[in-house]
Amino acid sequence: MAKLDLIDIRKTYPKSDLETLKGINISIEPGEFLILVGPSGCGKSTLMNTIAGLEDISSGEIRINDVDVSGLAPKDRDIAMVFQSYALYPNMTVRENMAFGLKIRKTPTTEIDAEIKRVSELLQIDHLLDRKPSQLSGGQQQRVAMGRALARRPKLYLFDEPLSNLDAKLRVEMRTEVKKLHQRLGTTIVYVTHDQIEAMTLADRIAVMKAGEVQQLGSPYEIYNHPTNMFVAGFMGSPSMNFVPITVLENSDAHACTELTGSDGKAQLLALPDKLKTYVGKKLMLGLRPEHISQQLSHHSETDLISAARFNIEILEPTGPETIAQITINDHAVHCRLAPDLSITAGQDLDLMIDVSKASFFDPDSERNILL
Amino acid sequence: MHSSSTSQGENGLGRWLIYGVLALMALVYLLPLFVMLVTSFKTGTDIRTGSLISLPQEWVTDSWQAAWGTACTGVTCDGIKGYFWNSIKMVVPAVLISTFIGAFNGYVISKWRFKGSDLFFSLMLFGCFLPFQLVLLPMAAMLGKLGLANTTTGLVLVHVIYGVAFTTLFFRNYYINVPDELVKAAKLDGAGFFTIFWAILLPISKPIIMVTIIWQFTSIWNDFLFGVVYSGADSQPITVALNNLVNTSTGVKAYNVDMAAAIIAALPTLFVYFVAGKYFVRGLTAGSVKG
Amino acid sequence: MPVTHTNTPAPLASTTPWQDKMQVWLPKLILSPTIVVTLICVYGFVIWTGLLSFTKSRFLPQFDFVGWRQYERLLNNDRWITACENLLIFGGLFIAICLLIGVLLAIFLDQKIQQEGMIRTIYLYPMALSFIVTGTAWKWILNPGLGLENLVHQMGFTDFKFDWLVNSDMAVYTLVIAAVWQSSGFVMALFLAGLRGIDSSIINAAQIDGASKPRIYWSIILPCLRPVFFSAIIILSHLAIKSFDLVTALTSGGPGYSSDLPALFMYSHSFTRGQMGLGAASAIMMLAGILAILVPYLYSELRGKRNA
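Protein chains in written order, with our numbering: chain A, 84 to 455; chain B, 53 to 343; chain C, 15 to 322.
Please keep in mind that the hints were generated in silico from the structure rather than gathered at the bench.
It is possible that some hints are incorrect.
As the list claims (entries may be wrong) - To be clear about the criterion: a stretch of chain C counts as covered by chain B if any three or more of its residues have a C-beta under 8 Å from a C-beta of chain B, and this derived list gives those stretches:
| no. | segment |
| --- | --- |
| 1 | 84-93 |
| 2 | 119-127 |
| 3 | 138-146 |
| 4 | 152-158 |
| 5 | 294-304 |
Backbone N, C-alpha and C fix where the C-beta goes; we use that ideal spot for every residue, glycine too.
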């Protein structure tokens with residue numbers, strides 16, 4: 084278990100004008116499971132490679148247990164990595180794959196054997212030890228790749244999109260497996276993924292990256308419910324957050340409110356938090372997650388910030404546990420989550436509840452969350 | 053491999069035509085080999101009285117013995133056996149050294165790229181296309197300076213220098229398809245430059261080693277240009293000796309001896325072709341398409 | 015969180031910074047001999063040959079510069095002109111016939127032929143032979159007295175005349191015959207590999223559209239093989255330009271110098287006739303020929319790759 088500090092990491096590739104990493108600052112506590120998430124090209128894999136020492140940084144410091152390792156070779160950082168392609172040595176058996184790092188470190192044979200026994204039992208691959216990687220299924224290869232990382236007992240584990248080559252069902256299984264493993268071993272893990280569900284389910288903390296910068300670093304709850312900007316808000320969650328342009332108004336009671344116009348052109352008033360009174364007359368971007376627009380619920384009485392409104396349901400997409408409906412607000416398509424047993428058809432009007440207490444508000448120019 | 057059923061809607065006539073053309077062409081390709089073989093077993097009179105493709109009246113191996121041991125190649129009349137060994141003494145070290153260097157070069161160019169290594173690779177590729185006539189004169193001067201003119205060592209050196217471009221190309225193109233993550237994983241496991249090569253890459257390189265060795269063996273064994281320019285009387289490779297034997301203008305032309313000698317000169321590469329044809333073809337296509 | 019790591023982690027192999035530095039330098043160190051040798055023995059030597067072509071060197075290199083005189087001599091040299099004309103005839107026919115035979119055989123072989131493996135082996139074996147062996151064999155077969163001509167005579171066609179090998183107007187065509195025999199199987203293999211690489215769903219789609227088989231080959235498959243045509247042309251023209259062994263073994267450039275080729279011209283002037291400066295100039299002309307073919311090809315290749 085080790086602590087990892089990334090201090091102002093910058094990286095510019097030769098012959099490139101753009102910085103790939105623009106000053107990354109993250110502190111990872113011992114035993115913490117940190118997930119780096121972001122669209123492809125955001126620099127998350129580069130950041131991972133610099134932590135491993137596979138790529139140099141242009142400036143900054145990487146500290147493991149308060150020791151600066153930025154200048155050290157990968158082998159001297161005591162880090163293990165699980166790769167997207169597993170990168171199992173094709174000419175070696177599973178046993179030899181796991182023993183390779185230990186052998187290079189001149190670990191006594193008896194210790195290697197004991198370690199392989201421990202890890203293979205932990206991952207339930209002890210019956211595969213004498214097979215070659217080509218004789219294993221994708222899921223088995225994945226386990227061996229993790230076993231190889233575990234066998235060395237490094238200070239830090241790096242996972243580079245380890246589950247993305249598995250089919251959907253196996254991915255869910257292995258996700259649980261990884262989580263169990265982390266809970267049992269309490270190791271420090273940095274995990275790269277572009278799958279936001281993986282990020283939400285596994286992480287202690289998530290760092291959402293875009294264009295070489297950390298957009299937000301926080302617990303899955305914070306990231307989901309209090310996104311700092313529209314990018315984070317839109318990236319996490321599926322279907323993603325709805326963004327509706329609104330103008331803040333003041334009603335007769337001197338409360339903040341706004342008008343929502345449906346596809347029929349009729350405007351309906353929506354109460355807004357009073358914190359927004361300073362924005363009266365200004366344009367904002369209202370961020371509403373699909374689950375915050377739902378059908379009328381009997382036990383859910385109308386309060387100040389939960390307003391009823393009637394909209395035309397344009398498209399219905401039942402997924403089984405829920406039904407996603409599309410409506411139009413202020414000329415923008417908006418998804419809402421409805422109960423699956425609701426008997427409606429597309430084209431009907433429906434009374435919906437909008438929970439503004441959970442909504443986020445963004446400045447349309449800077450795209451920042453104005454309430455944080 | 054392919055199903056034996058005649059495919060969709062092919063009429064019988066068309067198929068017969070295709071088979072006919074293919075069989076006819078096979079005969080055309082085989083004919084010279086057949087002519088060489090039957091001629092080499094004929095006596096001199098048999099050649100004059102028979103025809104090109106007639107079987108020998110009497111199968112004799114005299115011309116094989118003559119070609120191997122007594123035929124005249126220019127000034128000397130000891131057959132081509134000495135030159136056969138010259139070729140072996142030249143081919144074996146040249147193939148091994150150039151393959152070895154090519155493997156390391158390909159490893160560096162594909163897995164340890166550094167500033168300028170890609171540029172160098174392009175420069176080297178151009179070397180594959182260079183007609184060797186462009187380097188004949190300076191190389192002769194250099195071999196002379198090094199005291200290697202007319203020696204087998206000199207020939208080995210020349211073949212290594214101009215073969216390395218190909219061997220490097222082969223290994224580079226093979227290793228470029230080995231995932232980089234394998235090397236990264238090995239680095240994290242603590243392996244260094246040589247350990248990664250010996251323990252990870254070399255064990256999976258068998259096919260490309262075969263391709264490279266066969267390519268190098270065939271092209272060096274079959275080389276004539278370097279052989280004729282840089283070899284001395286006692287280091288001539290077999291191709292040069294064969295040409296001398298055939299174009300020696302003294303006495304009556306002994307076509308049977310010529311053919312026996314030609315077959316002997318061709319045997320090693322033909323043997324390799326029939327034993328490891330798969331690798332041979334792969335080398336041909338890889339070496340040329342990508343080059 | 016529970017901690018199950020009880021025993022101490024394996025100790026790191028101790029390494030000094032010196033060894034780490036080594037890891038950075040090793041790749042360069044390994045490659046550097048090849049870099050040096052390539053720069054000297056390829057690029058340096060080409061420049062040296064270029065310099066020689068501006069001198070009046072005869073049996074030994076000497077550096078008395080005479081400007082373009084060797085090139086002027088070359089262009090006024092009948093034998094060189096013949097060699098270049100021969101190269102055009104030989105190269106043009108060799109490439110055209112090889113492509114034609116190669117494509118046809120590849121298409122025929124791609125029709126689910128049962129003995130494909132064996133037939134392919136037969137078509138390709140000449141490629142394993144030395145051009146000297148090929149030349150020797152064809153010299154005997156094309157021999158006017160006892161060879162093919164005699165064979166046809168014995169079959170009853172006594173008027174048949176086939177003396178190309180000793181006919182100075184026709185000798186260059188014997189080179190074409192032998193070279194095509196040796197290399198067309200290889201071109202077939204290139205095209206066969208290309209055909210196998212074509213996505214079969216394209217062909218299925220065309221069949222559903224109702225296209226006939228010849229039509230599919232002509233308007234869909236052959237255009238797909240464009241890159242193979244280009245590489246085959248490059249390889250074959252490269253073979254033709256540096257063709258030296260075949261002409262040496264088959265005709266020795268004769269009768270007279272009627273079947274001479276630039277590569278043979280370069281060799282005999284440089285090494286047997288003591289005209290080193292002229293030989294160097296002819297080598298440079300060969301380079302110009304290769305570049306004229308290669309540069310446009312590489313340019314389009316590289317541009318294509320950048321755009322991809």
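Now for the hints, and whether the structure bears them out:
no.	hint	in the structure
1	84-93	violated (count 0)
2	119-127	holds (count 6)
3	138-146	holds (count 9)
4	152-158	holds (count 5)
5	294-304	holds (count 7)
Comparing the model with each numbered hint stated earlier shows that hint 1 is the single one that does not hold.
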